[in-house]
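Could you build all of it, start to finish, from the sequences and the hints given here?
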Amino acid sequence: MIAATINDTEVLVEEGSTVLQAATKYGFHIPTLCYHEGLPAYGACRMCLVEITQGASSRLESSCTRPLEQGMVIKTDTREIRGHRKMIMELLLARCPDAEVVQEMAREVGVTESRFSKLNEDCILCGLCVRACRDAIGMSAISFMSRGIKRHVDTPFSMNSDVCVGCGACARVCPTGAIRVEDYGAKRYVRYFNTELELQPCEECGRYFTTKRFFEKNKNDFVGADELYRLCDACRRRQHASMLKGPLVNVHP
Amino acid sequence: MKRIHFVPNRCIGCEECVIACGKAHDWHTRAFVEVVGGYFPIPMRCSHCDDAPCKAACPTGAIQRNEFGAIIVVKEKCIGCGTCAEVCPFGVPVIDDVTGKMIKCDLCSDILTEQEPICVQACPKDALEFVEQDEPLENRRQRMARYIKNAVEHESGLASRQM
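So the protein sequences, as listed, match chains X and H. Numbering follows my numbering, in which position 106 of the first sequence is assigned residue number 106; successive positions increment by one, without gaps. Numbering follows my numbering, in which position 14 of the second sequence is assigned residue number 267; successive positions increment by one, without gaps.
Don't read these hints as lab results, they were simulated from the structure. Glycine residues also receive a C-beta, built at the ideal position from the N, C-alpha and C atoms. Warning: the hint list may mix true and false statements.
[Claimed, not checked] Some but not every residue of chain X turned toward chain H, in silico, with C-beta under 7 Å:
| no. | residue |
| --- | --- |
| 1 | 94 |
| 2 | 132 |
| 3 | 145 |
| 4 | 237 |
Quick look at the structure:
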């Protein structure tokens, strides 16, 4: 266990916790845009900056990436930090003025108008989609491209990805809704990444329930070649119900 | 550790459990009733498997077992990839399109200290029972034997009537 001080409160958390986790556990709110509990921290948005004092030196660090150390003195809401957060939100508000999550966060930190020229992008470069694809799914179909103001998320050469499995996790973790996954007919389109995939139909009812590539990946990784997994969720339930019916109650024909 | 047991022959397929579950969970129901063989309803819910494939397959560790022995989805950790839906042989986890997170039966863990799960409460025919999982094996064998006896009696009754 590690003991530290957050906003004049003594905290005691398990070893390996980050500053953000410790603060959240003790009820201190730190605003974040790029943090997801299920994915490794990345420190992209810098909204979670806190003031960390160790010994005589004091500095601002992103709390999501900073492991808590013994004897740290942490302040989560000083005048300086508020100033930095306001600046970040002004910049993000100029980049993505229409994104709901950005507007909400800007209101939270007290920013209503940005003094910078607007860009009308829909991606805030939080990297959640990149981390979900690389660290959770393990496919690395997308990554950050270019540098500076041209930085963006895309597939290699912005071409139809041949490793993307079309699980849709990137779209579901995207805080601004920039990535959209749509199914039309027998194809799934990942609009933001110019990617299209074939869908897998249920062998019983013909409903498309996943993509062919995701089906193959799960077949290799987890389920094997069982017939059952070729069915959609509703048909799996029906299949199991009819399997239960036989041995349990042999009443009705 | 308590589990929801299904008593065959008592279910009338009214789907009260489905409605009650939806009502308690913002209309994202986690209970299902499947009608097989034309008119034979069987409620299908999460089994909270001992060796849960969804828990093993979850890439972010969002699917965990809680203190009641229920397999639950930790919303904050779920990225909505849908791997659990693919690997569940019972077709139980379903992605909620609004929040983009997986939803599944959590055994009503939020009310479990005081009450039974909402589907068990709602069942008008007591077809769902919330019983201790580690009941003596002998009791379980006797219970199953009773079911089979009832079933056989019922079937022979039907047969004699047909003759």
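Practice problem: With a cut-off of 7 Å on the beta carbons, see whether residue 237(X) makes it to chain H. | Solution: holds (4 Å)
Exercise. May I ask you to test the interface hint for residue 132(X) with respect to chain H, counting a Cβ-Cβ separation under 7 Å as satisfied?
Key: Hint holds; residue 132(X) Cβ to chain H Cβ min 5 Å, cut 7 Å.
Quiz item: Against chain H, is residue 94(X) within 7 Å by beta-carbon distance?
Solution: violated (27 Å)
Quiz item: Is the interface hint for residue 145(X) satisfied, with its Cβ closer than 7 Å to some Cβ of chain H?
Solution: violated (22 Å)
Hint compliance for this structure: hints 1, 3 are broken, all remaining hints hold.
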